[in-house]
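Residue numbers (our numbering), protein chains in the order written: chain A, 1 to 225; chain B, 226 to 450; chain C, 451 to 675; chain D, 676 to 900.
Simulated from the structure, these hints should not be mistaken for lab results.
Listed below are the simulated EDC-like cross-link pairs for lysine to aspartate or glutamate, each with C-alpha atoms no more than 16 Å apart in a straight line:
| # | chain 1 | residue 1 | chain 2 | residue 2 |
| --- | --- | --- | --- | --- |
| 1 | D | K718 | C | E527 |
| 2 | B | K262 | B | D239 |
| 3 | C | K493 | D | E752 |
| 4 | C | K493 | D | D750 |
Keep in mind it's a predicted model, so treat the numbers as computed, not measured.
4 protein chains.
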Amino acid sequence: MRLENKRVMVTQSDDYMGPAITSLFSTEGAQVTTREKPVPTGKAFSTWVREMPVYDVVVANLAHDPCSSAVDNIDNEDWQALFETLVHPLMHLVRHFAPKMAERGYGKIIAITSAAPLRGIPGSTAYCAARGAQNAFIRATGLEFAARGVNINAVAQNYVSNPAYFPDDLVASERFQKHLARNVPIGRVAKDTESAELALFLASNASDFIVGQVVPFSGGWATNT
Amino acid sequence: MRLENKRVMVTQSDDYMGPAITSLFSTEGAQVTTREKPVPTGKAFSTWVREMPVYDVVVANLAHDPCSSAVDNIDNEDWQALFETLVHPLMHLVRHFAPKMAERGYGKIIAITSAAPLRGIPGSTAYCAARGAQNAFIRATGLEFAARGVNINAVAQNYVSNPAYFPDDLVASERFQKHLARNVPIGRVAKDTESAELALFLASNASDFIVGQVVPFSGGWATNT
Amino acid sequence: MRLENKRVMVTQSDDYMGPAITSLFSTEGAQVTTREKPVPTGKAFSTWVREMPVYDVVVANLAHDPCSSAVDNIDNEDWQALFETLVHPLMHLVRHFAPKMAERGYGKIIAITSAAPLRGIPGSTAYCAARGAQNAFIRATGLEFAARGVNINAVAQNYVSNPAYFPDDLVASERFQKHLARNVPIGRVAKDTESAELALFLASNASDFIVGQVVPFSGGWATNT
Amino acid sequence: MRLENKRVMVTQSDDYMGPAITSLFSTEGAQVTTREKPVPTGKAFSTWVREMPVYDVVVANLAHDPCSSAVDNIDNEDWQALFETLVHPLMHLVRHFAPKMAERGYGKIIAITSAAPLRGIPGSTAYCAARGAQNAFIRATGLEFAARGVNINAVAQNYVSNPAYFPDDLVASERFQKHLARNVPIGRVAKDTESAELALFLASNASDFIVGQVVPFSGGWATNT
Numbered sequence: 001m002r003l004e005n006k007r008v009m010v011t012q013s014d015d016y017m018g019p020a021i022t023s024l025f026s027t028e029g030a031q032v033t034t035r036e037k038p039v040p041t042g043k044a045f046s047t048w049v050r051e052m053p054v055y056d057v058v059v060a061n062l063a064h065d066p067c068s069s070a071v072d073n074i075d076n077e078d079w080q081a082l083f084e085t086l087v088h089p090l091m092h093l094v095r096h097f098a099p100k101m102a103e104r105g106y107g108k109i110i111a112i113t114s115a116a117p118l119r120g121i122p123g124s125t126a127y128c129a130a131r132g133a134q135n136a137f138i139r140a141t142g143l144e145f146a147a148r149g150v151n152i153n154a155v156a157q158n159y160v161s162n163p164a165y166f167p168d169d170l171v172a173s174e175r176f177q178k179h180l181a182r183n184v185p186i187g188r189v190a191k192d193t194e195s196a197e198l199a200l201f202l203a204s205n206a207s208d209f210i211v212g213q214v215v216p217f218s219g220g221w222a223t224n225t
Numbered sequence: 226m227r228l229e230n231k232r233v234m235v236t237q238s239d240d241y242m243g244p245a246i247t248s249l250f251s252t253e254g255a256q257v258t259t260r261e262k263p264v265p266t267g268k269a270f271s272t273w274v275r276e277m278p279v280y281d282v283v284v285a286n287l288a289h290d291p292c293s294s295a296v297d298n299i300d301n302e303d304w305q306a307l308f309e310t311l312v313h314p315l316m317h318l319v320r321h322f323a324p325k326m327a328e329r330g331y332g333k334i335i336a337i338t339s340a341a342p343l344r345g346i347p348g349s350t351a352y353c354a355a356r357g358a359q360n361a362f363i364r365a366t367g368l369e370f371a372a373r374g375v376n377i378n379a380v381a382q383n384y385v386s387n388p389a390y391f392p393d394d395l396v397a398s399e400r401f402q403k404h405l406a407r408n409v410p411i412g413r414v415a416k417d418t419e420s421a422e423l424a425l426f427l428a429s430n431a432s433d434f435i436v437g438q439v440v441p442f443s444g445g446w447a448t449n450t
Numbered sequence: 451m452r453l454e455n456k457r458v459m460v461t462q463s464d465d466y467m468g469p470a471i472t473s474l475f476s477t478e479g480a481q482v483t484t485r486e487k488p489v490p491t492g493k494a495f496s497t498w499v500r501e502m503p504v505y506d507v508v509v510a511n512l513a514h515d516p517c518s519s520a521v522d523n524i525d526n527e528d529w530q531a532l533f534e535t536l537v538h539p540l541m542h543l544v545r546h547f548a549p550k551m552a553e554r555g556y557g558k559i560i561a562i563t564s565a566a567p568l569r570g571i572p573g574s575t576a577y578c579a580a581r582g583a584q585n586a587f588i589r590a591t592g593l594e595f596a597a598r599g600v601n602i603n604a605v606a607q608n609y610v611s612n613p614a615y616f617p618d619d620l621v622a623s624e625r626f627q628k629h630l631a632r633n634v635p636i637g638r639v640a641k642d643t644e645s646a647e648l649a650l651f652l653a654s655n656a657s658d659f660i661v662g663q664v665v666p667f668s669g670g671w672a673t674n675t
Numbered sequence: 676m677r678l679e680n681k682r683v684m685v686t687q688s689d690d691y692m693g694p695a696i697t698s699l700f701s702t703e704g705a706q707v708t709t710r711e712k713p714v715p716t717g718k719a720f721s722t723w724v725r726e727m728p729v730y731d732v733v734v735a736n737l738a739h740d741p742c743s744s745a746v747d748n749i750d751n752e753d754w755q756a757l758f759e760t761l762v763h764p765l766m767h768l769v770r771h772f773a774p775k776m777a778e779r780g781y782g783k784i785i786a787i788t789s790a791a792p793l794r795g796i797p798g799s800t801a802y803c804a805a806r807g808a809q810n811a812f813i814r815a816t817g818l819e820f821a822a823r824g825v826n827i828n829a830v831a832q833n834y835v836s837n838p839a840y841f842p843d844d845l846v847a848s849e850r851f852q853k854h855l856a857r858n859v860p861i862g863r864v865a866k867d868t869e870s871a872e873l874a875l876f877l878a879s880n881a882s883d884f885i886v887g888q889v890v891p892f893s894g895g896w897a898t899n900t
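The following block holds chain A by itself, in its conformation from the complex (with noise of 0.2 Å):
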């Protein structure tokens, strides 16, 4: 039971990692408040966020399509979706809940995030700018909030079963097989409960030393921040 009695909330909740951090944090104590769909921004975030309390752990597990696509076919509305999704939600939940954990000197704050920007991927360049943008925001505010409490990382993932970027099928694939082999030195994808582990493990006291890391988690495919 490592988060008895920890208030958390995690978004996007049923996507990406959502589903799998929802569940460990219940089987280990944590009274998990849920919002399924993607986080706001301006005003919509201010209402969604007035009545709320100070939440032990904010797991800001964020997601959107890689809206993969050669550097020349970038399309302008998905890179604004990108960064609307995955970056600007992100400075809205640190801003409104690090100060406020800071405040109590208790906090932590887990961004799930991605491993493509640690080693950039070709063809989902939008994609690694967006999430690099978001490890870059991790590792500054981390930093800042660092002596106060709270504890602010992220989850930088690859390779990690879910239905959106790696389904089933994907995986099953010879052809994804192949590319597995060659490319992730461990062979295989994760599972969701996996990574779970990890974000466990930044969201307990355990790791109350580490602060501003983006943590790879990616079989070996990067390991370098």
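Assemble the complex: chain A is given as a structure, and chains B, C and D must be docked to it using the hints.
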């Protein structure tokens, strides 16, 4: 004359590294075209580039006040302005020029970005996010165009003299000199001409094997990418 | 009981993170075997391991005085001792245990190394070199064994309380507290039990997807690997 | 003539990048002294440098067969030889030359190392460890001497043509070409003259602000440090 007869575009040419790069590249034989104003996006960008040649070298020199503030006080308009000025125009520039350079089999894009996201700077987290998006985009697009004769790289600088970020009177102050002594191993700020020399190296044929690289340029303050 | 019935070897168990890891891992159900003395190399190593079981977890806890000095005064014997104590035994441990773990399809090796080489510390350059060799070896061997059920990772720590590097009286001094405030975002040193928690995470099944990772653990002092 | 009248020492000058650097630096006006044999350590080193001038530039070009093998089969003598040839002489060179350069307020040390430890290469883990020690030592000593007019940096290369590591017949093979296409974004190996151009940049006054930097040079294979 390391850029003899090269056609070069330098954006936002009165700001940041624009003057130093324009001057040095001209001395090295380049025909430098400058755009003084910030680079627009959307239709205004299309209008701007409509009649434009395929430059041999594009210096994506994009700058904006860092809008430093505590996370609590990040201003929505500042945040948007940073992405509007630094991030979205970079995508437009690369999306327009890199494919045309690739068709021809030759070209260099050098983005003048920042080392800030490489370490993270409390109090400048919005700036870190925007510059982090730039660095991530350069890395990914650099790899995408690597095999087609186009070199896309970034100068990730900090502690380089320029009127906007490190004006002479700030640098001369006792407080800043103490800060330099404690935080910047080399103990001084660089002249903008020194940064221009790194841009020149990345613009010249001498660096044809370097792609997708974000080169820290900060007197030892940041050495990781 | 996250290490229930796991057989664990902790080396140099009276030094560095040895006591904290031995204690925590035992509490979590592990059967911990310790070796107090430094790990030997060559024939002495072979003799030592001859009758040894294949442990489920090996904690390569190797420590040596950092032998801090200006580069001018690096002592040949200090230099050799650092490599003899930190680097060569790590190779012996991984070479002996990882293949046996791989045969069985399961095992965890956690090296307790240092964040020093991640940033570089003037005045401790010999130590940085030796710890840098460790980190590089862990990264490469972690990838080599990734697909065979063996997880090899490192805790790259700095500013963790321990009698040798950060004894209590040093930490309590005004000078060191100023140093912490200026250089370590979190503003304090970690207890050794906190570092042991990260080692525990890396030793448990919760981190099966993490390989070849050098995890910075330094309160935000270093966040890059 | 970017090295006009500069006195340069190139070590192990018949190996690795020695011939290309000696040739290019001479063309640029340098007076290049070469040492063909591997750099010794201990007394033999002292004897060698006894009558030596303080060079303006020292190119620590140290090379050894990578002794590739599975971890299981790392040979004790190979392991020792890698550290004896690559690591310990680098310490001797920096310890001898950097302080003398610092007294005079000017000097450049460029180590030709490897990108291998930046990503980790299964099957070449001993080599990764030794090159990782080099890179860590360069970073730390680069910071130590930064404020005294001495620039210490490394070219961390991979996929650069040279008779020992990437001989022409290997490069020409279909298998290697496939490997290049899959793993090296730029899709080719560099000529040694291209690596020499980066060394030249780091040896010239154009890079006076760059210290403690390990510059990846691998056609996009590794872009992190």
